[in-house]
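From first to last, the protein sequence lines stand for chains A and B. Per the numbering used here, the very first residue in the first sequence carries number 9; after that it's consecutive. Per the numbering used here, the very first residue in the second sequence carries number 711; after that it's consecutive.
Everything labelled a hint here was simulated from the structure, so no lab data went into it. Among the hints, a few may not be true.
[To be verified] Below, simulated BS3-like cross-link-like pairs (lysine-lysine); rule was C-alpha separation at most 30 Å, straight line:
| no. | chain 1 | residue 1 | chain 2 | residue 2 |
| --- | --- | --- | --- | --- |
| 1 | A | Lys16 | B | Lys888 |
| 2 | B | Lys888 | B | Lys904 |
| 3 | B | Lys904 | B | Lys819 |
| 4 | B | Lys998 | A | Lys107 |
| 5 | B | Lys723 | A | Lys16 |
| 6 | A | Lys16 | B | Lys904 |
| 7 | A | Lys16 | A | Lys107 |
| 8 | A | Lys291 | B | Lys888 |
| 9 | A | Lys291 | B | Lys998 |
| 10 | B | Lys753 | A | Lys186 |
| 11 | A | Lys186 | A | Lys60 |
| 12 | B | Lys723 | B | Lys888 |
| 13 | B | Lys998 | B | Lys904 |
| 14 | B | Lys888 | B | Lys819 |
| 15 | A | Lys107 | B | Lys904 |
[What the hints assert, rightly or not] Computed beta-carbon distance windows for the label pairs:
| no. | chain 1 | residue 1 | chain 2 | residue 2 | range |
| --- | --- | --- | --- | --- | --- |
| 16 | A | Glu177 | B | Pro884 | 24 to 32 Å |
| 17 | B | Pro884 | A | Ile236 | 46 to 54 Å |
| 18 | A | Leu14 | B | Gly763 | 52 to 60 Å |
Predicted, not measured: the structure shown is a model, and the values here were computed from it. Just so it is clear, CB atoms sit at the ideal spot from N, CA and C, and this is done for glycine as well.
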Amino acid sequence: MKNSTLRKAIQSGVFSLLRLSVLINAMALAIIVYFLVINGAHVITWEFLTQKPFDSMTQGGIMPCIVGTMLLSFGAMAIAFPLGVSSAIYLHEYARPGKLLRFIRFAINNLAGVPSVVFGLFGLAFFVTWMGFGVSILSGILTLGFLILPVIIGTSEEALRSVPQTFREASLGLGATKWQTISRVVLPAAMPGMLTGSILGLSRAAGETAAIMFTAAVYYSPRMPHSIFNDVMALPYHVYVLATAGTAIDKTRPLQYGTSLVLIMLVFGMNLIAIVYRARMQKTK
Amino acid sequence: MKTPRAFRETCIKNFFLLTACISILVLTLIMAFLFIQGMPIFKTVPVTDFLFGSNWYPTSEPPDFGILPLIAASLAVTFVSSLMAIPLGVMTAIYLAEICSRRARNIVKPIVELLAALPSVVIGFFGMVIVAPFLQDYFDLDTGLNLFNASIMLAFMSIPTICTVSEDAIYAVPGELKEASLGLGATHWQTIAKVILPASLSGISTAVILGMSRAIGETMVVLMVAGGAALIPLSIFDPVRPMPASIAAEMAEAPFQSDHYYALFATGMVLFIFTLIFNMVAEHIAHKHKQTGAATL
């Protein structure tokens, strides 16, 4: 029938369009990675990764930035992971539907939507100035920790949701209390999912710039940080500063590419671990 | 009388309740500190002059604190980026949820996730060193750092949000609706267009609004790519200075607790209110038109 061939033709036309849109996304990702790799790969040497910058940052490596980013993102995780997991336990295991629950969810959703630069302002006003921590690792960790808190809560709740209800019933039926059930049955079962989520939070914190530019990161620090009250250099801020504010923007372009490439390798590495780990978990279920 | 065991259980429950309330506390503190640090500007500049003044010259003598060009720039980049991000994001979501095979999904899904994971400073850097020179040559412009460039970069930052949330909404459409439509002889595409998309419209709207909220608050991209001129944009190739860019660029040089410092906090307050409205609208739609099952349609 003619009508049905027309409908088939429309369908295959539309489906091609959908495939095209997927292709555009894939291309965007590929192009970004491609340009960073061809311009940045030759910069990354052992010296680049292990030296400090010198000659007013036009020479040398990015070791202090790597250390700084590690300190900030793992520190943020140390704040956000316990808080996020226990929030998720309340929301999923204890909370009853009602006004309080809706209010908490409202706060979490809106916290997730707060722009990172606003987190930066908050960190500046609250941690740096009011609490008197100064521009320091501590201020940066706290700001980043609250920034990734909604991510951790979300993924932890997801992990709790994936634990079958029968696990809880079996434990409660044996006479265990609610807390015994949660701590000995539910949490061990949900932990792999929670750890996956925490890797994603870690990668988010590592790539964040606007939240640390007023609270923790500095243009150049002559010493390695030795206390949480020191300021630090960080990979994302280093890219930004070299690319926009340096005295020799064109001269340091290879360093900018190299630093960007190290940053995305770090972030993509974490994400790929999470993706592969999650795929493996789904298989064993 | 409660037994010790029950007492312990109550304590534990309250401990978790307390940690869950930290999100409320943090959100309240953010609002309070933006307010405390932003309000003093309104002693020197009336609220209407601040919001609707079209001159932003914070460092000239006397300074002008009118953030209308910044608001206009933020709305413009958000609007233009959503023209690209909405179709691409929703179409990718339809592909993922309805059409692709399991194997294709295992490739496409990680692509979207990696796109979401790209640090904003890297996207900004890419826009600055690769896209800007290209646009400048291709369209013969004064500068490639402009509204259009920033919008493209922002689009690829909000696509993952739009795609992921839309995909969940499409998945949530009950299978029997799809089966009924296919059973009546509709093609797969007719079923998608006339049954699945209308049924998941509220979820897709939520996705779109969340994506736009992401775009309006995004900082590094507009800071590095938008061009930085605090003017109301007249063309898509004008350099602009959206609110987050202004805050991030000027905070370092604004003297502590000067009018400029207060004005930047007040700008942050306006930005925060914008994203708050976006999020509340998204939540309202999601809550009001909750997809629960075939019976509610």
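For each hint, the structure was consulted:
For the given pair, A/Lys16 sits about 18 Å from B/Lys888 by alpha-carbon distance, which is consistent with the 30 Å threshold. Between the alpha carbons of B/Lys888 and B/Lys904 the distance comes to roughly 10 Å, so the proposed pair stays at or under 30 Å and holds. Taking the CA atoms of B/Lys904 and B/Lys819, the gap is about 25 Å. The hint holds against a cut of 30 Å. Note on B/Lys998 and A/Lys107: the hinted pairing holds, with a Cα-Cα distance of about 16 Å set against a maximum of 30 Å.
A distance of roughly 58 Å separates the Cα atoms of B/Lys723 and A/Lys16; the hinted pair therefore is violated under the 30 Å criterion. Simply put, A/Lys16 and B/Lys904 have alpha-carbon atoms about 16 Å apart, close enough for the 30 Å limit, and the pair holds. The hinted pair formed by A/Lys16 and A/Lys107 fails the criterion: a straight-line CA distance of about 50 Å is larger than 30 Å. With a C-alpha separation of about 27 Å, the suggested pairing of A/Lys291 with B/Lys888 holds against the 30 Å cut-off.
At roughly 36 Å between alpha-carbon atoms, A/Lys291 and B/Lys998 are farther apart than 30 Å, so this suggested pair is violated. Straight-line distance between C-alpha atoms of B/Lys753 and A/Lys186 comes to about 55 Å, which puts the hinted pair past the 30 Å bound. Between the alpha carbons of A/Lys186 and A/Lys60 the distance comes to roughly 53 Å, so the proposed pair goes past 30 Å and is violated. The suggested pairing of B/Lys723 with B/Lys888 is violated, with an alpha-carbon distance near 43 Å, which exceeds 30 Å.
Restraint check: the Cα-Cα separation between B/Lys998 and B/Lys904 comes to about 22 Å, which is no more than 30 Å; the hinted pair holds. For the proposed pair B/Lys888 and B/Lys819, the alpha carbon gap of about 23 Å is at most 30 Å, so the pair holds. Distance check on the hinted pair: A/Lys107 and B/Lys904 sit about 37 Å apart at the alpha-carbon level, beyond 30 Å; violated. Separated by about 27 Å at the C-beta atoms, A/Glu177 and B/Pro884 satisfy the suggested range of 24 to 32 Å.
Distance hint for B/Pro884 and A/Ile236: a CB-CB separation of about 52 Å, consistent with the stated range 46 to 54 Å. Separated by about 58 Å at the C-beta atoms, A/Leu14 and B/Gly763 satisfy the suggested range of 52 to 60 Å.
In terms of the numbered hints stated before, the structure departs from hints 5, 7, 9, 10, 11, 12, 15, listed from lowest to highest.
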